[in-house]
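Engineer: Please take these sequences and the hints and turn them into a complete structure.
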Amino acid sequence: MLKRLRENKAAQGTLLALPTTFWLFFLLIIPLFLTLVISFGQRSPDGNVIYTFSLNNYIRLFGYSTDCPAGQTSCFDPLYVQILWRSLTLAFNTTVLVISMAYPLAYFIARAHPKKRNLFLFMVLIPLWTNFVIRVYAWMMLLRKEGAINIIIGAVANMLHIPFTPFEMLYTPGAVLVGMVYEFLPFMILPIYTSLEKIDNSLYEAAADLGANAVKTFLRVTLPLSMPGVVAGTILVFIPVMGTFIVSDILGGRQVILVGNLIQRQFLDARDPTFGSAASLILMVMTLVVTYFYTRKFGFGEEIVAA
Amino acid sequence: MNPFRRSPFVIAAAVLVYVFLYAPIVGLVLYSFNASRANVKFEGFIPEFSDRVVMDGSLVKSSPCGPFHWYCDLAKNDDVAEAAGNTLTIAFTATIISTIIGTMSAIALQRYDFKIKPFSQLALYIPIVIPEIVMGIGALTLFSQLFGWINATFNLSGNARLSLGMATVTISHIAFMVPFVTLVVQARLQGFDKSYEEAAMDLGADEWTTFRRVTFPMILPGVMSGALLAFTLSLDDFVITFFTNGPGSTTLPIYVYGLLRRIITPQVNALSTVWILIVFLAVLALQIIQNREQKQHS
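Chains as they are written, first to last, in my numbering: chain Y, 1 to 307; chain R, 1 to 298.
If you are wondering where the hints come from, they were derived from the structure by calculation, not from laboratory data. For every residue, glycine included, the Cβ atom is placed at its ideal position computed from N, Cα and C. Watch out, some of these pointers could steer you wrong.
As the list claims (entries may be wrong) - For lysine-lysine, the following PhoX-like pairs were computed, each having C-alpha atoms within a straight-line distance of at most 20 Å:
1) R/K117 x Y/K115
2) Y/K116 x R/K295
3) Y/K145 x R/K295
4) Y/K115 x Y/K198
5) Y/K198 x Y/K116
Claimed, not checked - Here are the simulated distance ranges between beta carbons:
6) Y/L5 x R/I100: 41 to 51 Å
7) Y/D46 x R/R111: 46 to 56 Å
8) Y/F122 x R/D79: 31 to 41 Å
Structural biologist: Now the structure itself:
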């Protein structure tokens, strides 16, 4: 038996890969399948799952409602469609803002003197590895009516003799956007930096020799060659923003509800796992579709591993 | 053209982004010394020797710990100690298991051909392209359905009933950590010169000896960085833990999240500051190790 194994390379490979494959199969693929099955089910009065095949949860998610004004048996309720749309636009806005902030910084680091690069990168890693929940909390303190941002604006206004009354920035859509940008900014900086750093200096020299000015060099050399980093960064930012619920929970109060909050509440507060499963599958399909078309257009770089 | 020339615009933008990255952290640390228990306004440092009246008229007691009052408070907090213990237990267990099986599968995927190889490789990318919350509720559904069925079938009651806890959190953590270990070790194996192994075999070493004495020492740095990455991911995880934890398995991120939804005293800031300090030292150590390794290679 052992001797045969020693000669059978394929069996050896299978055995080596088996624990991981089994683990991922058991905890990723089976759960996804279960989620799919349950999303077609119905909620029993005591919060359990009745296995049926009904599309009710999906119909409800896309606006069908039986809770209508008098005289109608069904009507359009935009609540859940609005939540889906809000999550999608927030993820889009966050990604755009994050790219516009991460690119200059990544460029700055990539073109810094090699000896200083490690220090600048180190300064990006500290916020990245600081816990997610702690980072949301930090913004909670800054955005309050009594918080640091209002104090600073107040002081500046005072110096300029402009009247200013502190206002509540917490529990607004803007607060959620700022929080999301802050949470995911490092995930964009690192891949863009990785792709910028790979660009050979001789390309810049060649561009300069051929008479390109700084703007033209950037548009024709730097930007195209750094696209793999931007693509990888976008995947690392867009997908998690779509599904995050802590940022909107803490910084948005009950005002800003995203798909993540919807799913979380179905599983923990409202106790309708069937509806929550349907919502989470829709979330997954949305992110996969966006990622698919995005990567098909721009390609899928290995930069994703850098972060 | 000087390759290190940068326009003032880029420098200004970079400085602004760094300010954006660090302002919240500085605020967090500053408020951990707050004299105000309500922690809404910063009311000065806690006095060391005599009591003092602060702006809102309340009395601030002097503390034997002086400005570090909230840190002393934190040290006495049993819930924090328990949560920290849970976090470390889960992270250590999950790291050991995911490093072993992750390294095994990296070797398999890089060195062997077998039937389920495409499937194994594909499964590794799932956690990267799927939102964490989908994985989290998937694991929750799996455990609750499975445990419900087992409890009913075997008529388990009381303490014998299976429920969410340390084990479910650890098992779920391994699932999202393994792909990272495998991908890091695979990357290391890709840049690996096979002639060292061939030399060992030529000199009469069998496969196991070759692995133990040649291959493993050479991929060890990759295994170590994979393990370190997995460890930090586990310490940091909120979403997966949120859905798979049960009574008695609260981790630090879950504990802090719970506090944020209730009363927030500067103790949370003290906890955050300690945490950031530990992260700072860990990242620093990692950088030093990596630099040393780079120097050895060049």
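Engineer: Of the hints stated earlier, which fail here?
Structural biologist: 1, 3 and 6
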